[in-house]
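A.B. asks: Each residue of the sequence shown is one higher than the last, beginning at 255 in the numbering used here.
To be clear, the hints were calculated from the coordinates, so they are not data collected in a lab.
Using N, Cα and C, we set each Cβ at its ideal position, and we do this for glycine too.
Incorrect hints may have been included.
What the hints assert, rightly or not - Okay, the calculated beta carbon distance ranges per label pair:
1) A346 <-> D285: 18 to 26 angstroms
2) D343 <-> T446: 34 to 42 angstroms
3) P312 <-> V356: 21 to 29 angstroms
4) T423 <-> I350: 21 to 29 angstroms
5) G273 <-> A300: 33 to 41 angstroms
6) T304 <-> A272: 23 to 31 angstroms
7) V381 <-> H324: 20 to 28 angstroms
8) V445 <-> E360: 34 to 42 angstroms
9) C279 <-> A355: 31 to 39 angstroms
10) A346 <-> V421: 28 to 36 angstroms
11) G380 <-> A346: 37 to 45 angstroms
12) A395 <-> V421: 30 to 38 angstroms
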Amino acid sequence: MPLTLYLVRHGRTRHNEAGLLQGWCDSPLTDDGVAGVAATGRHLRAVPFTAAYASPSPRAVTTAARLLEHHPLIELATNPGLREFSFGDFEARPEIELYAAVDPLEMFRDVFRGTFAGLPGGEPGGVYLDRVSSAFAAIEAAHAGGGPVLVVSHGVTLLAYLATIGVPTVRPLANASVTTVDIHPGGRRIVTSLGVAPAAPVATPG
255 MPLTLYLVRH GRTRHNEAGL LQGWCDSPLT DDGVAGVAAT GRHLRAVPFT AAYASPSPRA
315 VTTAARLLEH HPLIELATNP GLREFSFGDF EARPEIELYA AVDPLEMFRD VFRGTFAGLP
375 GGEPGGVYLD RVSSAFAAIE AAHAGGGPVL VVSHGVTLLA YLATIGVPTV RPLANASVTT
435 VDIHPGGRRI VTSLGVAPAA PVATPG
């Protein structure tokens, strides 16, 4: 039986709605964000999860807790390696300020290659990619016997993980969307769905 990772991006937040960069900073889910997570919860309620992990950021923990209302026997574990990319001095500032300073497509491609030097006050791409890879490696090792596992994280971090398994993409994942990855014995990984959004929320960074 393969290990199936259900990768869910957190629900839409106030910073998402305002177009503010949100990496290590945080903001609450909006009403639409809560509704989007509820739709995703209904979409996943029949999945027999064996474990659940989340970034320790409150927006991810809140999202995971709401999803797990349908799975009361599953205890949530947090892993700091699942945190979002740090935007450094650009945290909580308008996205357009960053995009005026750098080409976002080039920046994120370099982040996903581990070659990005980092934004002022932020973390280098290599350090970021290492922590993301380590977090997912630990999850895979803990569940080598297979089964469905929930992982709630962030837009850039989930794309970074996909890049590490050979699925490079810079297409934003919608809030509360679901991506599934089957991991077979021997390490073969297959992305079986990408960015499925039951409530069709809007995709923005962070």
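A.B. asks: None of the hints should be skipped; say for each whether it holds.
C.D. replies: Tested hints:
1. A346 <-> D285: 18 to 26 angstroms: holds (21 angstroms)
2. D343 <-> T446: 34 to 42 angstroms: holds (38 angstroms)
3. P312 <-> V356: 21 to 29 angstroms: At roughly 27 angstroms between Cβ atoms, V356 and P312 fall inside 21 to 29 angstroms, so the hint holds.
4. T423 <-> I350: 21 to 29 angstroms: With Cβ atoms ~23 angstroms apart, the hint holds.
5. G273 <-> A300: 33 to 41 angstroms: holds (35 angstroms)
6. T304 <-> A272: 23 to 31 angstroms: violated (37 angstroms)
7. V381 <-> H324: 20 to 28 angstroms: Violated - the Cβ-Cβ distance for V381 and H324, about 36 angstroms, lies outside 20 to 28 angstroms.
8. V445 <-> E360: 34 to 42 angstroms: With Cβ atoms ~24 angstroms apart, the hint is violated.
9. C279 <-> A355: 31 to 39 angstroms: violated (18 angstroms)
10. A346 <-> V421: 28 to 36 angstroms: This hint holds: roughly 30 angstroms between Cβ atoms.
11. G380 <-> A346: 37 to 45 angstroms: Cβ of G380 to Cβ of A346: about 25 angstroms, so the range 37 to 45 angstroms is violated.
12. A395 <-> V421: 30 to 38 angstroms: Violated: the Cβ-Cβ distance is about 20 angstroms, outside 30 to 38 angstroms.
Violated hints for the displayed structure, listed by number in ascending order: 6, 7, 8, 9, 11 and 12.
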